[in-house]
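Using the sequences and the accompanying hints, generate a full structural model.
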Amino acid sequence: MDFLNNLGIGFVQVLQPINLLYCFIGVFVGTLIGVLPGIGPVGTMSMLFPLIIVSTPFQGIILLAGIYYGAMYGGSTTSILVNIPGEAASVITCLDGYQMAKQGRAGPALGISAIGSFIGGTFSVLLLSLLAVPLAKVALDLGPVEYVGLMTMGLAMTIYLSGKSLLKGGIMTFLGLSLGCIGTDLVTGKVRLTFGLHELYDGLNIASMAMGLFGISEVLANLSLKERVVFKTKVGSLFPTLEDWKKCAFPIVRSSFLGFFLGIIPGGGGVISSFVTYAVEKKISKYPEKFGQGVIEGVAAPETANNAAVGGAFIPLFVLGIPSNVIMAVLMSAFIVYGVAPGPRFISSNIELFWGIIASMYVGNIMLLLINLPLIGIWIKLLKIPYSILFPLIILFCCIGVYSIDYRIFDVLLMIIFGIIGFFLNKYDYPLAPLVFSFVLGPLLEDSFRQSLIIGSSDLLYFIKNPITSVSFGISLFLFLSAFFRQSRKKVMESSGFIEKN
Amino acid sequence: MKAANKKANIVIVLLIELFGILIIIESFKLEIGTINNPGAGFFPFFLAMAMCSLCFPVLINSIKESDALYEKIAQKSGEGPFWKVVVTLGLMMVYAVFLDTLGSLITFFLLMVGLFWIGNPHRWRFVLGMSALVAILANLLFITILKVPFPPGIWR
Numbered sequence: 001m002d003f004l005n006n007l008g009i010g011f012v013q014v015l016q017p018i019n020l021l022y023c024f025i026g027v028f029v030g031t032l033i034g035v036l037p038g039i040g041p042v043g044t045m046s047m048l049f050p051l052i053i054v055s056t057p058f059q060g061i062i063l064l065a066g067i068y069y070g071a072m073y074g075g076s077t078t079s080i081l082v083n084i085p086g087e088a089a090s091v092i093t094c095l096d097g098y099q100m101a102k103q104g105r106a107g108p109a110l111g112i113s114a115i116g117s118f119i120g121g122t123f124s125v126l127l128l129s130l131l132a133v134p135l136a137k138v139a140l141d142l143g144p145v146e147y148v149g150l151m152t153m154g155l156a157m158t159i160y161l162s163g164k165s166l167l168k169g170g171i172m173t174f175l176g177l178s179l180g181c182i183g184t185d186l187v188t189g190k191v192r193l194t195f196g197l198h199e200l201y202d203g204l205n206i207a208s209m210a211m212g213l214f215g216i217s218e219v220l221a222n223l224s225l226k227e228r229v230v231f232k233t234k235v236g237s238l239f240p241t242l243e244d245w246k247k248c249a250f251p252i253v254r255s256s257f258l259g260f261f262l263g264i265i266p267g268g269g270g271v272i273s274s275f276v277t278y279a280v281e282k283k284i285s286k287y288p289e290k291f292g293q294g295v296i297e298g299v300a301a302p303e304t305a306n307n308a309a310v311g312g313a314f315i316p317l318f319v320l321g322i323p324s325n326v327i328m329a330v331l332m333s334a335f336i337v338y339g340v341a342p343g344p345r346f347i348s349s350n351i352e353l354f355w356g357i358i359a360s361m362y363v364g365n366i367m368l369l370l371i372n373l374p375l376i377g378i379w380i381k382l383l384k385i386p387y388s389i390l391f392p393l394i395i396l397f398c399c400i401g402v403y404s405i406d407y408r409i410f411d412v413l414l415m416i417i418f419g420i421i422g423f424f425l426n427k428y429d430y431p432l433a434p435l436v437f438s439f440v441l442g443p444l445l446e447d448s449f450r451q452s453l454i455i456g457s458s459d460l461l462y463f464i465k466n467p468i469t470s471v472s473f474g475i476s477l478f479l480f481l482s483a484f485f486r487q488s489r490k491k492v493m494e495s496s497g498f499i500e501k502n
Numbered sequence: 503m504k505a506a507n508k509k510a511n512i513v514i515v516l517l518i519e520l521f522g523i524l525i526i527i528e529s530f531k532l533e534i535g536t537i538n539n540p541g542a543g544f545f546p547f548f549l550a551m552a553m554c555s556l557c558f559p560v561l562i563n564s565i566k567e568s569d570a571l572y573e574k575i576a577q578k579s580g581e582g583p584f585w586k587v588v589v590t591l592g593l594m595m596v597y598a599v600f601l602d603t604l605g606s607l608i609t610f611f612l613l614m615v616g617l618f619w620i621g622n623p624h625r626w627r628f629v630l631g632m633s634a635l636v637a638i639l640a641n642l643l644f645i646t647i648l649k650v651p652f653p654p655g656i657w658r
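Going line by line, the protein sequences match chains W and P. Okay, so the first sequence: first residue is 1 according to this note's numbering, each after it adds one. Okay, so the second sequence: first residue is 503 according to this note's numbering, each after it adds one.
Bear in mind the hints are in silico, worked out from the structure with no lab data behind them. For glycine and all other residues, C-beta sits at the position ideal for the given N, C-alpha and C. Please note that a few of the clues may not be correct.
With the Cβ distance kept under 8 Å, some of the chain W side facing chain P (calculated, not the full set) [as the list claims (entries may be wrong)]:
no., residue
1, 54
2, 170
3, 174
4, 181
5, 185
6, 188
7, 455
8, 458
Away from chain P, derived, C-beta distances all over 12 Å, residues of chain W [stated by the list, open to error]:
no., residue
9, 369
10, 386
11, 471
Taking lysine-lysine and the DSS-like style, the derived pairs with C-alpha atoms no more than 30 Å apart in a straight line are [said to hold, decoys possible]:
no., chain 1, residue 1, chain 2, residue 2
12, P, 508, W, 491
13, P, 509, P, 586
14, W, 247, W, 283
15, W, 490, P, 508
16, P, 586, W, 427
17, W, 286, W, 102
18, W, 491, P, 509
19, W, 246, W, 290
20, W, 490, W, 290
21, W, 164, P, 586
22, W, 283, W, 491
23, P, 566, W, 490
24, P, 508, P, 586
25, W, 164, W, 290
26, W, 384, P, 586
27, W, 427, P, 509
28, W, 427, W, 384
29, W, 286, W, 246
30, W, 427, P, 508
31, W, 286, W, 247
32, P, 566, W, 427
33, W, 491, W, 164
34, W, 283, W, 246
35, W, 102, W, 247
36, W, 102, W, 290
37, W, 164, P, 531
38, P, 509, W, 164
39, P, 508, W, 164
40, W, 102, W, 384
Structural data, given as structure tokens:
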């Protein structure tokens, strides 16, 4: 009964016209950036900081959350029509989506993608609303030592999933953690690693960093690419046939479950869930050889999963106060801007805010279905906007957005520097997500580590004696070892000529 | 191109390594402390040590990597005109430097002119018209409606 009452409180809030407008702007902008390759949700969320500064915490958070799940919807459009993923989580949709478009079935591909996204998204919000409260009660019993273990596991998972090289992922993680130390140390009061720049006394600005690494560097990388060509096909009817429905029903159900739980895993989120569910569907399919040639399950499964992962990704943030991926890390920064601390006490002390966000996600998913299906023609037209017109606007919004946070030109310069850094790091396969993710986790990790040392009387074995922490460390070690052996085996295969070097 | 990519890759690792060494020096200045009584430099010191240790094998790999890999990196980056990247960064720097002196409207306009020109070098009317439109709309949205206090510049 409490659940329905609380949900009712949330709906009362979100159904106010101004809040509906914020929710709509969020999902609309999310779909837009999902459709337009070249800028992802992280850069956009940072860019819209000026808008959230003038809004209430509830309005700001529902706007940013809307961008996240809106981008998951929109990303499929370019994957299907252009064979370029609008968002990283839609990479796998290119395989079958584009083939379907080439076979004249772009409409059903777009339709099943939107409907699967709606089902996955709504299902995950339902699970989020049912699980978050009991899990938060459990999380209240966790102390700093458990947090050290969980955060270490999160970082290990991010390194493991981040890219080709474990070493480069590790370097980026330690670099991010080190950058997180910049500023005034709250325990000793000493100013650390500012190298004489008083602008850094409060630490690096997360928005400058995220906009530089994910906004500016993306633009710079895209500047050297050719203009994309939109596949010329009649979209036709968006509704899948009865045969399509029969094929997609179980993949959608499976991917909703799987996507949600993969979203909870630190370092996971939409990208991992879309890849895993595609692999699962291919594995259990009666015709795995047809995957990649335009089977509709190959579109339904990943698109359902990447939206289902969104609800899952909110669990660690709401329950533990630990972001599970880089998008959640930026969202957490927005919470901090508003003076709201996510964590085990977040739900009990912010009932209206929490249930309002949940209700906004139900409403947002319905909005997305409405703006994605009937308005598909508009999104296709937007795809035809040349990049030479888009990129100046992206840069201007980044420049304005980053200045609007603290009104400092220094932050604009910082963003440009991170843009250059991101451009080169990306070019040489250094993963950027662990850098931002660990930057946000750094201060929390250091704080928990210091508290643990005090509680455990500076005994390092205290970490091992704790069951949750020791299991977390064990999983982290297992991940490193498995990645190490995987890479070593690959190198041996490459050197013996069994596989091509890349 | 291959040689340039190889050099750039090595320079990146060296720069990260150098940053790590700077953090280690700074950590000593801040006082590292002990496990019983960690100082302000304790955490950064160990992070930088770990970062520098990981940089060594990457540096060795970068030096040893075959030319074929750098060929692939060159292909990945599209072999596109690098001048666009340099000009874009230059324009952004100019924007940041002159924002306070010239004010938002003029710097928005100049930034837009430069950036639109990169993609449309032969369409001056379009570049000027579009830049003026974007600059005015951006001013209206962010300064008039959202009340972001941008420097007034020459209209101070």
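Checked hints:
1. Because the smallest distance between the Cβ of residue 54(W) and any Cβ of chain P comes to about 6 Å, under 8 Å, the interface hint for this residue holds.
2. Hint status for residue 170(W): holds, given a least beta-carbon distance of 5 Å to chain P, under 8 Å.
3. A cut of 8 Å between beta carbons decides the hint on residue 174(W): the least distance to chain P is about 4 Å, and the hint holds.
4. Annotation: interface hint on residue 181(W) holds; nearest CB of chain P at approximately 4 Å, less than 8 Å.
5. The beta carbon of residue 185(W) is positioned within 8 Å of a beta carbon in chain P (closest approach about 4 Å), and the interface hint is therefore held.
6. Annotation: interface hint on residue 188(W) holds; nearest CB of chain P at approximately 4 Å, less than 8 Å.
7. The closest approach between the C-beta of residue 455(W) and any C-beta of chain P is roughly 13 Å, which is over the 8 Å cut-off, so the hint fails.
8. For residue 458(W), the shortest C-beta to C-beta distance to chain P is roughly 4 Å, which falls under 8 Å, so the interface hint holds.
9. With 12 Å as the threshold on Cβ separation, the claim that residue 369(W) sits away from chain P holds: the shortest Cβ distance comes to roughly 29 Å.
10. With a cut of 12 Å on Cβ distances, residue 386(W) falls inside the contact zone with chain P, its closest approach being about 7 Å.
11. The Cβ of residue 471(W) lies farther than 12 Å from every Cβ of chain P, with a closest approach of about 22 Å, so its non-interface assignment holds.
12. For the hint linking residue 508(P) to residue 491(W), the alpha-carbon distance of about 20 Å falls within 30 Å, and the restraint holds.
13. For the suggested pair residue 509(P) and residue 586(P), the alpha carbons sit about 21 Å apart, so the restraint of at most 30 Å is met.
14. Simply put, residue 247(W) and residue 283(W) have alpha-carbon atoms about 15 Å apart, close enough for the 30 Å limit, and the pair holds.
15. For the hint linking residue 490(W) to residue 508(P), the alpha-carbon distance of about 22 Å falls within 30 Å, and the restraint holds.
16. Taking the CA atoms of residue 586(P) and residue 427(W), the gap is near 16 Å; set against the 30 Å cutoff, the hint holds.
17. For the hint pairing residue 286(W) with residue 102(W), the CA-to-CA distance comes to about 23 Å; that is within 30 Å, so the pair holds.
18. Our distance criterion of 30 Å between C-alpha atoms is met by residue 491(W) and residue 509(P), whose separation comes to about 23 Å.
19. Distance restraint check for residue 246(W) and residue 290(W): the Cα-Cα separation of roughly 17 Å lies within the 30 Å cut-off, and the hinted pair is therefore satisfied.
20. A threshold of 30 Å between alpha carbons decides the hint, and for residue 490(W) with residue 290(W) the separation of about 28 Å falls inside it, so the pair holds.
21. Between residue 164(W) and residue 586(P), the direct Cα distance comes to roughly 29 Å. Compliance with the 30 Å bound is thereby established for this hinted pair.
22. Taken as a hint, the residue 283(W) and residue 491(W) pair is honoured in the structure, with Cα atoms around 27 Å apart against an allowance of 30 Å.
23. For the given pair, residue 566(P) sits about 17 Å from residue 490(W) by alpha-carbon distance, which is consistent with the 30 Å threshold.
24. For the suggested pair residue 508(P) and residue 586(P), the alpha carbons sit about 22 Å apart, so the restraint of at most 30 Å is met.
25. Our distance criterion of 30 Å between C-alpha atoms is met by residue 164(W) and residue 290(W), whose separation comes to about 28 Å.
26. For the suggested pair residue 384(W) and residue 586(P), the alpha carbons sit about 22 Å apart, so the restraint of at most 30 Å is met.
27. The hinted pair formed by residue 427(W) and residue 509(P) meets the criterion: a straight-line CA distance of about 13 Å does not exceed 30 Å.
28. Annotation: proposed proximity of residue 427(W) to residue 384(W) holds, straight-line Cα distance about 27 Å (limit 30 Å).
29. A threshold of 30 Å between alpha carbons decides the hint, and for residue 286(W) with residue 246(W) the separation of about 14 Å falls inside it, so the pair holds.
30. Proposed proximity of residue 427(W) and residue 508(P) is supported: the alpha carbons are some 12 Å apart, at most 30 Å.
31. For a cut-off of 30 Å, the pair hint linking residue 286(W) to residue 247(W) stands: about 11 Å separates their Cα positions.
32. Of the supplied pair hints, the one linking residue 566(P) and residue 427(W) holds, its CA atoms being roughly 18 Å apart against a limit of 30 Å.
33. Our distance criterion of 30 Å between C-alpha atoms is met by residue 491(W) and residue 164(W), whose separation comes to about 12 Å.
34. Note on residue 283(W) and residue 246(W): the hinted pairing holds, with a Cα-Cα distance of about 18 Å set against a maximum of 30 Å.
35. Of the pairs offered as hints, the one joining residue 102(W) and residue 247(W) holds, with about 20 Å between alpha carbons and a cut-off of 30 Å not exceeded.
36. For the hint linking residue 102(W) to residue 290(W), the alpha-carbon distance of about 15 Å falls within 30 Å, and the restraint holds.
37. For the given pair, residue 164(W) sits about 36 Å from residue 531(P) by alpha-carbon distance, which is inconsistent with the 30 Å threshold.
38. Annotation: proposed proximity of residue 509(P) to residue 164(W) holds, straight-line Cα distance about 21 Å (limit 30 Å).
39. Taking the CA atoms of residue 508(P) and residue 164(W), the gap is near 18 Å; set against the 30 Å cutoff, the hint holds.
40. At roughly 18 Å between alpha-carbon atoms, residue 102(W) and residue 384(W) fall within 30 Å of each other, so this suggested pair holds.
The structure does not agree with the numbered hints 7, 10 and 37 stated previously, though it agrees with the rest.
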